[in-house]
Amino acid sequence: MADEVPFEFLHMELVAHIHNTSTKEENDTCIAKLESLGYRVGLSLIERFTKDCSRFKDELDMMKFICKDFWNLVYKKQIDNLRTNHQGVYVLQDNKFRFLTQLSNGKQYMEAAPKYLAFPCGLIRGALCSLGINCIVTAEVSAMPACKFQIQIQRL
Amino acid sequence: MSRQAARTGDPRKVNGELFTLTYGALVAQLMKDYENDDEVNKQLEKMGYNIGVRIIEDFLARANSGRCNDFRDVADVISKVAFKMYLGITPVVSNWSPAGDEFSLLLENNPLTDFVELPEGHDSLNYSNILCGVLKGALEMIQMDVDVKFVQDHLKGDNITEVRLKFIKRLEDAVPVGED
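Quick mapping for you: the protein sequence lines, in order, are chains A and B. If you're matching positions, the first sequence starts at 100 in this note's numbering and goes up one per residue. If you're matching positions, the second sequence starts at 163 in this note's numbering and goes up one per residue.
If we strip away everything but chain B, and leave its shape as in the complex, we get:
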């Protein structure tokens, strides 16, 4: 047992790295497949969306967090429960619009970009764009149409990574998505 303990570092941390590295390999593969940043962004968002529509189920089962009354509640649950649960970080919720339908998630350290440096000439690549897709997909499954996009990205030299979420409308009829 003592040997075992000496051998394993911090499995939790390294497990996060497994995700980071796999994501990195995926993005690299996409760059090879498309050679066009915008196309890669789109693809990442699409994959994120696919993840989002399924991960919400896992989330609801695990978190057991009850109903949200307004968009502010939603923001809190996303940052304090969802991000904490899956990525181990708690983004700061800020920059609310006066109408309360738009806010930003500020990520101080983004685990997806842990070992990443963007090579020259990829200014329009949103490396972590998968997050937008996940958020959009997940929220859509709970009847919220939300626009999600990156406003600032640490990788591009900004001080902080900022994801902007804008509430568009409540989806009334839950039409099965992806049935096209």
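Pulled out of the complex, with its shape left as it was, chain A reads as follows:
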């Protein structure tokens, strides 16, 4: 079964739609819209995904869960590298991020990368929010198709 294919195509259409309908709006609005869609999906997805899980030990344990199980679920691979400063910043590196593999590897489409990363950022934020962690997620691409997601925990 190749059920990841429809999701990938759907995501492409989603990005295209959001950008087509808002010609006058700033690019930022589109990114925000996609992010909030991702947030909503992440929120409900993790709820169903973790319903038979054992309790998480700590924050790092949750991050590992995101890197392994969650990533595997959504992108059929694991995060390649997880780093943290132990003060609430985590960097997840994916050397071959699925949504970027369809784009050219050169620098030509670098500008197009952010719109394909907004939804995934939202997914992570939604998932972590559901697990009880408030955070800000940003993404960064230096060489396609590798991508870094930075998670900054918001403590109150």
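Simulated from the structure, these hints should not be mistaken for laboratory data. These numbers come from a predicted model, not from an experiment. Among the hints, erroneous ones may be present.
The calculated DSS-like cross-link candidates involving lysine-lysine, where the alpha carbons are at most 27 Å apart (straight line), are [said to hold, decoys possible]: (1) B:246 - A:175; (2) B:194 - B:208; (3) A:163 - A:175; (4) A:175 - B:194; (5) B:194 - A:214; (6) A:176 - A:214; (7) A:176 - B:311; (8) A:195 - A:206; (9) B:318 - B:246; (10) A:156 - A:247; (11) B:208 - A:214; (12) B:311 - B:242; (13) B:194 - B:242; (14) A:163 - A:214; (15) A:214 - A:195; (16) B:242 - B:208; (17) B:204 - B:194; (18) B:204 - A:214.
Stretches of chain A that chain B covers, calculated by requiring three or more beta carbons in the stretch to come under 8 Å of a beta carbon on chain B [said to hold, decoys possible]: (19) 101 to 109; (20) 138 to 148.
From the three backbone atoms N, C-alpha and C, an ideal C-beta is built for every residue, glycine too.
Chain A is fixed; fit chain B onto it per the hints.
Below, chain B without anything else, positioned relative to chain A:
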């Protein structure tokens, strides 16, 4: 490892849910953007079409199913191979027209509508209309002009979801689509 196993439920199932939830978010966004059911239907079909014209390539590469001799073969491949591969269901092919150019796909459980209830006042919304677009787009790429539409929808209180496909003609010249 044991812990890992305990943690992950059924990834296959949840992956399907990822698609369902994302689709739901998309439809909700469209409802916000257009506020008119017919317009949303149209938009969904258009997006489906865009997916269809590209997914057919993926399908042919994966399925390796050979040529279809007639429309009945096409129907079988759609239900038993394509739907099975991408959505994990096998719709029943039935209600053939006497001429053999029209049939229905009966979906007993439609994964797209897993967590969905239509709110009041959206009787003309075809929630899963993207499927029509995908089928139309994909078939067009293999030189078949087919009319696809929803006849019954479980969401609207019908017993079953029924998609009707009507063969119109064979496209002779494959003019690149979308070049307008």
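ask   = Does the structure break any of the earlier hints, and which numbers would those be?
value = 4, 7, 13
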